[in-house]
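Model the full assembly from the supplied sequences, consistent with the hints where possible.
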Amino acid sequence: DTGVSQDPRHKITKRGQNVTFRCDPISEHNRLYWYRQTLGQGPEFLTYFQNEAQLEKSRLLSDRFSAERPKGSFSTLEIQRTEQGDSAMYLCASSIDRGGYYGYTFGSGTRLTVV
Amino acid sequence: DQQVKQNSPSLSVQEGRISILNCDYTNSMFDYFLWYKKYPAEGPTFLISISSIKDKNEDGRFTVFLNKSAKHLSLHIVPSQPGDSAVYFCAAKEGNNDMRFGAGTRLTVKP
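Note that the protein sequences, when read in sequence, are chains P and V. Take the first sequence: its letters are residues 1 to 115, numbered as in our numbering. Take the second sequence: its letters are residues 1 to 111, numbered as in our numbering.
Worth flagging that the hints you see were computed from the coordinates, not collected in a lab. All the pointers check out, no bait thrown in.
Listed next, the stretches of chain P that the computed footprint assigns to chain V, with coverage defined by at least 3 CB atoms under 8 Å from CB atoms of chain V:
no., region
1, 38–50
2, 104–114
Restraint-style ranges between C-beta atoms, simulated for each label pair:
no., chain 1, residue 1, chain 2, residue 2, range
3, P, 14, V, 79, 45 to 55 Å
4, V, 54, P, 13, 41 to 51 Å
5, V, 69, P, 115, 40 to 50 Å
6, V, 29, P, 14, 39 to 49 Å
We put the beta carbon where it would ideally sit given N, CA and C, even for glycine.
Structure representation (structure tokens):
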């Protein structure tokens, strides 16, 4: 298992275009999270899945954002009609429910630049 | 609202000395606290955690202290090594809710 994989690593897009990011979690992990990180800030929660069910969405997740996790495996995060304010690092993390708490495993992120 | 705060954006220490990174929080319902370490171009890596029922957790060179009355936690690294140079994020969780992160502290350990 190579950890949490995110694709692409970098994405430059023109304002108004749609973009989609993919996250492949650790295979045994049933929870998957999306976070956004801007310069000088810590990661901000966007949404999370338990298996295929999207259980929570942040107010940061406007109607231009949508996330899916079909079959409870990989997840996609789509941003429609991108704006310059969407420029950020998008981080995916996964975790597993078991006794105790072990933290999330993060991917390396997708850096989005909207020009 | 920023429920987890790291008020020092940077810290510089000499190799071999102690590094102390601080974190304050406002939500008394947080029941788990964590520290993550982040190198450039990588995602945050889980470092150490502590449950709200404890006041100290130690793992090798890393110790986390929790002061619930002050709503304060700290990460001690001793002895500090140049490879510890990274951004350190404090994070906290309440039950099954999402994890909240501080803005991070950039630690530089000078040889």
